[in-house]
Amino acid sequence: MKTSSTNERDTKNIPPTTYYQFLEISVRELLIEKGVLSDEDIRNAVKEMDSRGPELGAQVVARAWVDPQFKQSLLQDAPSAVKALGLEIGPVHLLVVENTPEVHNLIVCTLCSCYPRSLLGLPPDWYKSREYRSRAVREPRSVLLEFGTDISDEVEVRVHDSTADLRYLVLPQRPEGTGHLTEDELAALVKRDSMIGITEVCFSAI
Amino acid sequence: MIPLFQTGNAVRVRKGSPPGHIRTPFYVRGCKGVIERVAGEYRNPEELAFGRFDTPVVPLYRVRFQQQEVWPDYQGSPQDSLDVEIFEFWLEPANPEKT
Amino acid sequence: MERDLTSRSHHDMGGLEAGHIKPVEHNYELWEKNVDALLVLLTSMSPKLMSVDQLRKGIESLPPDAYEKMSYYERWIFSITQALQYNGVLTTKELSRKLEEVQSRYETEKV
Chain A
0 MKTSSTNERD TKNIPPTTYY QFLEISVREL LIEKGVLSDE DIRNAVKEMD SRGPELGAQV
60 VARAWVDPQF KQSLLQDAPS AVKALGLEIG PVHLLVVENT PEVHNLIVCT LCSCYPRSLL
120 GLPPDWYKSR EYRSRAVREP RSVLLEFGTD ISDEVEVRVH DSTADLRYLV LPQRPEGTGH
180 LTEDELAALV KRDSMIGITE VCFSAI
Chain B
0 MIPLFQTGNA VRVRKGSPPG HIRTPFYVRG CKGVIERVAG EYRNPEELAF GRFDTPVVPL
60 YRVRFQQQEV WPDYQGSPQD SLDVEIFEFW LEPANPEKT
Chain C
0 MERDLTSRSH HDMGGLEAGH IKPVEHNYEL WEKNVDALLV LLTSMSPKLM SVDQLRKGIE
60 SLPPDAYEKM SYYERWIFSI TQALQYNGVL TTKELSRKLE EVQSRYETEK V
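Chains as they are written, first to last, in numbering that gives the first Met the number 0: chain A, 0 to 205; chain B, 0 to 98; chain C, 0 to 110.
Think of the hints as simulated: they come from the structure by calculation, not from any bench. Source: prediction; values computed, not measured. No residue lacks a Cβ here, since even glycine has one placed at the ideal position from N, Cα and C. A portion of the hints provided could be inaccurate.
Here are the simulated distance ranges between beta carbons [as the list claims (entries may be wrong)]:
id	chain 1	residue 1	chain 2	residue 2	range
1	B	Ile1	C	Lys68	42 to 48 Å
2	A	Glu184	C	Lys68	27 to 33 Å
3	A	Ser50	B	Gln67	40 to 46 Å
Just need the whole structure built from these sequences, with the hints factored in.
Take a look at the structure:
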């Protein structure tokens with residue numbers, strides 16, 4: 000499944016110009032020459048990464064919204080629950096944290112950029128930025144506000160700093176007025192940012 | 000390896016930070032928190048970072064901190080929290096609050 | 000609670016003051032995806048040729064101005080290259096010869 004982040008400039012046409020681009024070519028060619036890996040291995044790995052996007056996470060969220068038993072098993076043992084759904088997410092130690100009327104969750108990796116890539120694709124630049132990594136743990140509410148998310152004082156904001164082997168996915172709250180939507184329609188509402196916890200899922204009946 | 004701590008235990012994060020690869024963030028060192036869960040056993044990243052791939056697994060915990068206790072000037076709700084994954088050797092028992 | 004400011008590493012930035020978050024993202028270029036793919040492959044082989052922890056440590060070793068100036072995948076390829084040398088997968092000499100060859104290959108094409 001192709002994601003919207005696939006780069007159309009992905010290409011052979013633009014020559015390398017920087018030292019680091021030359022370094023990438025050098026390391027890659029040397030490893031191939033030595034038989035450590037093949038060009039096909041690399042192309043397959045790139046293709047695999049390109050196939051990962053937030054649509055996968057959205058599928059999990061939508062299922063959790065419509066199926067309370069799935070949701071319980073997801074919260075208890077996310078890797079097994081997701082596997083039972085038929086999704087291959089690799090050996091990731093996934094923990095799903097649920098937004099409720101009492102708690103709003105936000106994910107950050109202050110030390111680098113740990114992120115549930117196999118469910119959301121590659122992380123956006125802002126998630127890896129100094130500004131987000133520094134401020135999300137200390138002033139989460141003002142960080143949320145910058146993204147248009149206003150959490151009331153009665154709700155606990157809980158920040159998860161992804162410092163070790165776990166990877167986190169936020170299960171956002173299902174918006175009001177969506178009772179009539181199909182599971183696919185629900186999944187289409189769930190954007191990447193809501194699974195990081197920086198936004199909520201919105202729905203407006205047209 | 001039997002975990003030293005269980006869910007609900009009050010713990011304090013240790014402070015000694017030599018040069019090396021450390022996954023316990025600076026901001027939480029010396030802070031008091033509560034074990035939110037025993038998160039399993041994983042190989043020590045501090046050793047893996049030096050190429051010692053067969054280093055043994057050690058217990059990892061999710062520790063919950065109250066934001067107001069981590070940041071003296073925290074601007075948010077008193078119930079706001081911060082969960083951090085911390086390896087066992089970075090934790091020691093804390094004296095639980097009497098009140 | 001005491002804080003010892005001298006022991007804080009540059010990458011360990013949780014809680015520091017910083018400006019507004021620019022909600023930018025860019026489509027990854029092929030060379031960046033190649034770097035990512037290399038890391039995934041090298042760390043998932045059996046036996047693995049490097050660890051993701053070595054990747055992180057190498058990045059953390061960058062001096063502050065380099066850390067800030069280099070882009071995300073520039074930091075990665077720098078660190079991957081260091082780790083592969085440390086682990087004996089590639090030698091510095093091999094890299095040096097190859098880099099010379101690659102640079103002159105593209106510089107010749109420019110003419």
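Going through the hints against the structure:
A C-beta distance of roughly 47 Å is found between Ile1(B) and Lys68(C), which places it inside the suggested range of 42 to 48 Å. In this structure, Glu184(A) and Lys68(C) break the distance hint of 27 to 33 Å, their C-beta atoms being roughly 45 Å apart. Separated by about 43 Å at the C-beta atoms, Ser50(A) and Gln67(B) satisfy the suggested range of 40 to 46 Å.
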